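Asks: So the chains spell out like this:
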Amino acid sequence: MKKAIRTLCLIMSITMLLTILASCGQKASEKPGTETGTPSTSSAPSATPTPNTPPPPPDDENVKYAEELDVIIDNNKIAVINPFLSASNTSPTTWVFNMIYDKLVYGLGEGEYGPGLATSWDTEDYKTFIFKLRDDVYFHNGEHFTADDVIYTIEQARAAEGAPVHDRWADVETATAVDPYTLEIVLKTVNVDFFYNISQPQSGIVNEKAMTEDPENGTWIGTGCWKMADFAPNDYVKLVRNDDYWGDKALTQRITLRYVPEMSTKLMQLQNGETDVCFSLDPVDMPMIEADTENYTCYKYTYNNIDLIGFNMEDPIVGDWNFRMAVMSALDLEEITIASCGDYGIVETEGTVYGYETEFRNHDIPKVPYDVEKAKEYLAASPYNGEEIEIACAIATYIISAEVIQEQLAKIGLKTVIKQMDPPSMGAYCAYGDNKSQMFVHVGPQTLSAASYRNLYYPGAGYNRVSYNNPVITEMLDRAPTLTDLEERKALYMEMQEIIAQDPPYFSMYWLQHMAACVKGVGGMVLSADSYFDLRYIYKIID
Amino acid sequence: MLRYVLKRILWLIPVIICVSFIVFALMDLAPGTIIDAMISEATTAEDIAALRAKYDLDKPLIYRYGKYMFRLAQGDLGLSDVSQTSVWDKYITRLPNTLLLSLAALVIGSAISIPMGINAARHAGKITDTATTTFTLIGMSMPSFWLALLLILLFSYYLGWVPAGGNKGFSAFILPAVCSGLLLMANSTRQTRSSMLEVLNSDYLRTARAKGVPEKVVIRKHALGNAWIPILTTIGSSLGVSLAGSAVIESVFAWPGVGRATVDAVLARDVTETCGMIIMSTIIYVLLQLIVDLMYAFVDPRIRAQYTNRKKKRRSAV
Numbered sequence: 001m002k003k004a005i006r007t008l009c010l011i012m013s014i015t016m017l018l019t020i021l022a023s024c025g026q027k028a029s030e031k032p033g034t035e036t037g038t039p040s041t042s043s044a045p046s047a048t049p050t051p052n053t054p055p056p057p058p059d060d061e062n063v064k065y066a067e068e069l070d071v072i073i074d075n076n077k078i079a080v081i082n083p084f085l086s087a088s089n090t091s092p093t094t095w096v097f098n099m100i101y102d103k104l105v106y107g108l109g110e111g112e113y114g115p116g117l118a119t120s121w122d123t124e125d126y127k128t129f130i131f132k133l134r135d136d137v138y139f140h141n142g143e144h145f146t147a148d149d150v151i152y153t154i155e156q157a158r159a160a161e162g163a164p165v166h167d168r169w170a171d172v173e174t175a176t177a178v179d180p181y182t183l184e185i186v187l188k189t190v191n192v193d194f195f196y197n198i199s200q201p202q203s204g205i206v207n208e209k210a211m212t213e214d215p216e217n218g219t220w221i222g223t224g225c226w227k228m229a230d231f232a233p234n235d236y237v238k239l240v241r242n243d244d245y246w247g248d249k250a251l252t253q254r255i256t257l258r259y260v261p262e263m264s265t266k267l268m269q270l271q272n273g274e275t276d277v278c279f280s281l282d283p284v285d286m287p288m289i290e291a292d293t294e295n296y297t298c299y300k301y302t303y304n305n306i307d308l309i310g311f312n313m314e315d316p317i318v319g320d321w322n323f324r325m326a327v328m329s330a331l332d333l334e335e336i337t338i339a340s341c342g343d344y345g346i347v348e349t350e351g352t353v354y355g356y357e358t359e360f361r362n363h364d365i366p367k368v369p370y371d372v373e374k375a376k377e378y379l380a381a382s383p384y385n386g387e388e389i390e391i392a393c394a395i396a397t398y399i400i401s402a403e404v405i406q407e408q409l410a411k412i413g414l415k416t417v418i419k420q421m422d423p424p425s426m427g428a429y430c431a432y433g434d435n436k437s438q439m440f441v442h443v444g445p446q447t448l449s450a451a452s453y454r455n456l457y458y459p460g461a462g463y464n465r466v467s468y469n470n471p472v473i474t475e476m477l478d479r480a481p482t483l484t485d486l487e488e489r490k491a492l493y494m495e496m497q498e499i500i501a502q503d504p505p506y507f508s509m510y511w512l513q514h515m516a517a518c519v520k521g522v523g524g525m526v527l528s529a530d531s532y533f534d535l536r537y538i539y540k541i542i543d
Numbered sequence: 001m002l003r004y005v006l007k008r009i010l011w012l013i014p015v016i017i018c019v020s021f022i023v024f025a026l027m028d029l030a031p032g033t034i035i036d037a038m039i040s041e042a043t044t045a046e047d048i049a050a051l052r053a054k055y056d057l058d059k060p061l062i063y064r065y066g067k068y069m070f071r072l073a074q075g076d077l078g079l080s081d082v083s084q085t086s087v088w089d090k091y092i093t094r095l096p097n098t099l100l101l102s103l104a105a106l107v108i109g110s111a112i113s114i115p116m117g118i119n120a121a122r123h124a125g126k127i128t129d130t131a132t133t134t135f136t137l138i139g140m141s142m143p144s145f146w147l148a149l150l151l152i153l154l155f156s157y158y159l160g161w162v163p164a165g166g167n168k169g170f171s172a173f174i175l176p177a178v179c180s181g182l183l184l185m186a187n188s189t190r191q192t193r194s195s196m197l198e199v200l201n202s203d204y205l206r207t208a209r210a211k212g213v214p215e216k217v218v219i220r221k222h223a224l225g226n227a228w229i230p231i232l233t234t235i236g237s238s239l240g241v242s243l244a245g246s247a248v249i250e251s252v253f254a255w256p257g258v259g260r261a262t263v264d265a266v267l268a269r270d271v272t273e274t275c276g277m278i279i280m281s282t283i284i285y286v287l288l289q290l291i292v293d294l295m296y297a298f299v300d301p302r303i304r305a306q307y308t309n310r311k312k313k314r315r316s317a318v
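In the order they appear, the protein sequences are chains L and U. Mapping to this note's numbering: the first sequence position 521 is 521, numbers consecutive. Mapping to this note's numbering: the second sequence position 265 is 265, numbers consecutive.
It is worth saying that the hints were derived from the structure and are not from the lab. Just so it is clear, the structure is predicted and the values come from calculations on it, not from any experiment. Backbone N, C-alpha and C fix where the C-beta goes; we use that ideal spot for every residue, glycine too. Treat the hints with caution; some may be incorrect.
Distance condition first, Cα-Cα at most 25 Å in a straight line; then the derived DSS-like pairs of lysine-lysine [unchecked claim]: (1) U:54 x L:77; (2) L:520 x U:168; (3) L:436 x U:59.
Derived Cβ-Cβ restraints for the label pairs, each shown as a range [said to hold, decoys possible]: (4) U:13 x L:383: 53 to 59 Å; (5) L:114 x U:59: 45 to 51 Å; (6) U:67 x L:486: 47 to 53 Å.
Partial chain L-side listing against chain U, Cβ under 10 Å, derived [as the list claims (entries may be wrong)]: (7) 232; (8) 258; (9) 461.
Just chain U, with the same shape it has in the complex (with noise of 0.2 Å):
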């Protein structure tokens, strides 16, 4: 198990290469630089050519490249072109925002989805399969900053129940979360439904069942146990992007999160800013997956069989 967890971090190493070049290149060849940005009425020739040579751009990108990269492998993600303030700060002080979304999102998410995908699925073809199937179909057709701008008025606008936006306290924290979760919802809720289905009709579960072990039992050890993959690998891509951060729902709600901040940094051209800022959303992402990976072990007996059986295998080889 150890084996296979540093061997996935190790993986991080080109995974990192990967992206941070793609960014770079992207920045690059997107039109405009932060120069661009930065130009105001007082701005002459002579400011424009000592930007460029303060921010390298009048060398090529391999040259700029191997320089981030030479400070990023001594764990330096540097300083924001456009504050002169570092990345890394930047980034820690809006991920707890971002982390705070994503987990309570989770929660709503699939606190909802989870009873409501296996009641869906329990009651196949009927009533409520259907209106979950048509909510959930409608909830992941609903683009984000339409069901943000809808919340925002009736609980803000309406009822005034909670603020409209910002970062004020517990109040504020209550509708992003709400619309981060329901989105989440859609997406879960179809695929816990599609997994119970599957294992519902199981020869194992009618044994169970023919045996006289009650219903509920059925479901939730038997059943659940066996659709719990899918349904962790669904909820885990879906926090792992809004780890990175949702910059439409961060935006409509005023949220200080990382994915804002991440537009705002591409938005000003800001190459070393939005290059920290995407690896540090990858790292988080694979980190992730990781740990989904190894709760499959945990929810499914025959993964852990198989971990241990290698090692077995391994010290009999010995």
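Bound conformation, chain L alone (with noise of 0.2 Å):
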């Protein structure tokens, strides 16, 4: 018996000692210098946002391109191809839009528009367009491409309510077909972001034989550079270069965009070269990954969305000034963010709560400063009395952030309690007209264009989770986009963030870095702070 149980105990300890080598060793290692915790010293390249501008490939003759790409997409699924679904709201949704459609006008930024399927464009009082249509065109099914398509499209795109692209052609009121490669489009009134709008990824131009023909998978068919090949719905997508493109053609032939749940999976076939490029690593893993410079090259990128600390406007003690400027100035933000970021992270240091990058960004309103005696006087005024209050979170990063607020919140006698739960719960527990929340970690999604800050701000609106309801921002939203004057409109969305820091029902705490790690010799990515990437002439050089 004895023996029997010294033998159980060797194999047990060999099994502990073989798991415990295997979680916590390194590849034996042709993977130098990846020290974990060691901070970031490679220079790697930022992306650039140049929209419709492929970033130049190298200036060799002799270069050679890989003809197959794998990709592993961040962590949002494809669940359909095709943008007159509400589905299709997703990041890499939209990578494969710009993938295999073609816009009217591409942004060029700062309000620049470039050509597009149009090449040319002509307006009086920015309510009739004149569109000059391109006449090489055809689709991936042979169809030749006219205005009646950008008809068709825009119809599909109205009678898809609920779909991103339902609100970029909203304000059309009439298109008509001139000749086949002139459309006129009237607006129903002026509006300044209808550009912006229809040089989204979604706008991009359907054909209407393909999917009057096919109306499951009609919308594979678009006129872009790649085309595409097979489609499993949260899994992959697979396109095929389009050599009949009428653009620069692109420079690698096949490209799969995968979608791998598990991080840890992520990094592994990263490190086995199953991947070419891995998006949304671990936080954790990525200064292993950037360190090896001998490897890999990492495109850093920050979302333009704000991570935030919301609170309920409508309830009576969230709601009120004192009691959210106490929480505002018990906050020291950076603690939070090492704790949710690591070296991830920037903090905020601006009072706006703004997108990024986004157009018109006020930098000069002061951040409400971190001052714990303050705090404790603004808490003292305010209508709280030992309540217990809740922060609700869904993701992971957010409930880091909850419980480093939690503990800060505690040292001005503020006692809350937090509640997690998953990402559709929290849309639904922060409704607008039902909100149930009083404070929460959440994110406030922002494109680059001014626009988006309506849906933060506009009563009713998707994203207004603190039921945020000023009859003064409402109507200077609603004014907003008839704004011709540049100034004139930048100057109005400077006062909004103005009035807005005076009564804030948000409070921005850091911007989370991510990071597209690549094995060595891929190029050729936009990665935009909007997150529509643009991985058309995206291209890996071999040897």
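Hints in hand, dock the two standalone chains.
Replies: Take a look at the structure:
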């Protein structure tokens, strides 16, 4: 019996040892310099948003490109390849749209637009636009592109209530084909955001014949420089190069975009060479990959989306100005950022709650300073009476933030309880008109256009999770799209940010940096802050 | 026998009604709706109202359930709320992957667990038995995601023999199959061992041995023959569960199976797809249990005799 016990102990010890070795060890170092926790020393090229301009490949005729690329997408899935469905709202879905569709115009930044399927356009009153269209464009099914396809796309978009594309074309009153390559669009009212809207990935032009013949997969047919080859919802998308493309052809022949749910699997697939690009690695793994400059090139990017604390303005305690100021004064954002993002967080230093790279950001609004004594004074002046205040949160990073916030608020005598839920539950919990929350830590999505500001503050808007309803701001938000003068418009947004900063329903905390980890030789991606990445001209140089 | 099979199949109807209602009610009780998973920066209050009307969320649960059941009664699992594509098509696309994984797990699991369980029972109390029991205990206690990650680490990262995930050919299939097989093995080894232990000391085996029947025949024919029923039950249940899709294993290995699709549907609050996937998994589970029941008759002459006797009784009554 003793012998048996000894043998058993030996087996268990070996098993445990193997387990520990397997989980703690690193692969025999073909991967040098990967000490975890080492601060990043690599000079990772940052993503420059240069829409519609493929980053130039190396100026060398002898350069050879890989025929096939494998890309692990970020933590969102591709559920549909159909811009007319609401589920097309995820970031990687827009990457596919960028690849398979062309838009009438492309954004060039700072309110400028360049030609796409439209070669030129003209307007006298910002209400009626005449677009001249390209006459040398063919859809992937061989159909010739004409103005009728644009009109069909607009009709489909207007019928697609709830889909992002619906609002992109919602301002169109009429769309008429003057001739096959001339299109007249009349808007309901003047809307300076119209060009921004139609330059978005969801606004790609589809083909009527393809949609009629195959209602389920007709939306796979576009005019873009990539063609759909295969699609498994929530799993992968396979694309092949469109060799008949009217513009610059892609440098790669085939590409697979895959969704991998498990972070560790993502990392190991990258390290094993099973993939060429891996988006949104776990922040814990990022320093290790970034330090390994011999094997990987890392492109860092920051989303426009605001990582914020929200206060339900209808709640009798949380809705009180003194209470909100007490919370804001009590928070040490540096500590929250380090705990939540490690080395990959940028602490918010400004007082506006606005997209990171959204146009017209007001940089002159001061942040509420960290001052525990002042926070206590604010709290004493608020209706707070020792109750437990709830902090709702949904995703892992925000749960960590909420835990740090809870500790910091305890220092001023504010008791809180954390309520965890999944993202859809969070949406329902903080819904406008039926807001059950008190405080929450969540995301405030923003695009590069100032128009997206509306969705955080306009009554009833999808992301107005604080039930904010300020008639002055509502009127200004309504007025903003009608201002054709750029300076006037900019001044209006600046003023709105100042007014809201006096009445802060949100508190911006930090910006989480993300990373696209690529094997050596990969380039050509445009990683813009709105998450609508352009992978059309992605390449991998091979020896 | 046929009557019994028909009766069991007919029982599927109330089971489906109950399951679908429970799924519908649970999805309704869960906070959040499909609209909350669809909101983007462009969604307006009007869009939200239009979506609520589109998905009948402005109507009571019973209306939505009735509408769903009316369609289901016509054999239509409906269109996914998210992708507007056929739920049946989605299920059928994913099923082969899950089926492949489950069958491989069954083969791997049974091939190891049955001989191992028999061996442990034959050497009960000895080192082989203790080692087997400990091994299976570790297997049962180890969370599936942990085992999966360890396998990836060892065979994919360190040794580089197989890919860490995805659905790219046979090599990508090995790790998820082995992982599922090992998990199934742990359970069925313990069941095989205990079933064999019960019969190994029976009088009829002692008699067989006394009559000079070779030990191999005693084990294979006489002992195992009587121990089959609990083993089949365990393997059947485990297979049924894995046919419903192991969301954890499928997620870790990025394997596009039914389990992952069901979890995705739940997270997206896609009631139609969730209900469709779960109903299909229920049907498969019930049918599998029926097959297991029928196999009892195949492996156990006493049960076979019961069916035959009933048939004879009915004939004589006529």
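Asks: All the hints need checking, so say for each whether the structure fits it.
Replies: Against the structure, the hints:
| no. | hint | in the structure |
| --- | --- | --- |
| 1 | U:54 x L:77 | holds (23 Å) |
| 2 | L:520 x U:168 | holds (23 Å) |
| 3 | L:436 x U:59 | holds (21 Å) |
| 4 | U:13 x L:383: 53 to 59 Å | holds (57 Å) |
| 5 | L:114 x U:59: 45 to 51 Å | holds (47 Å) |
| 6 | U:67 x L:486: 47 to 53 Å | holds (51 Å) |
| 7 | 232 | holds (6 Å) |
| 8 | 258 | holds (7 Å) |
| 9 | 461 | holds (6 Å) |
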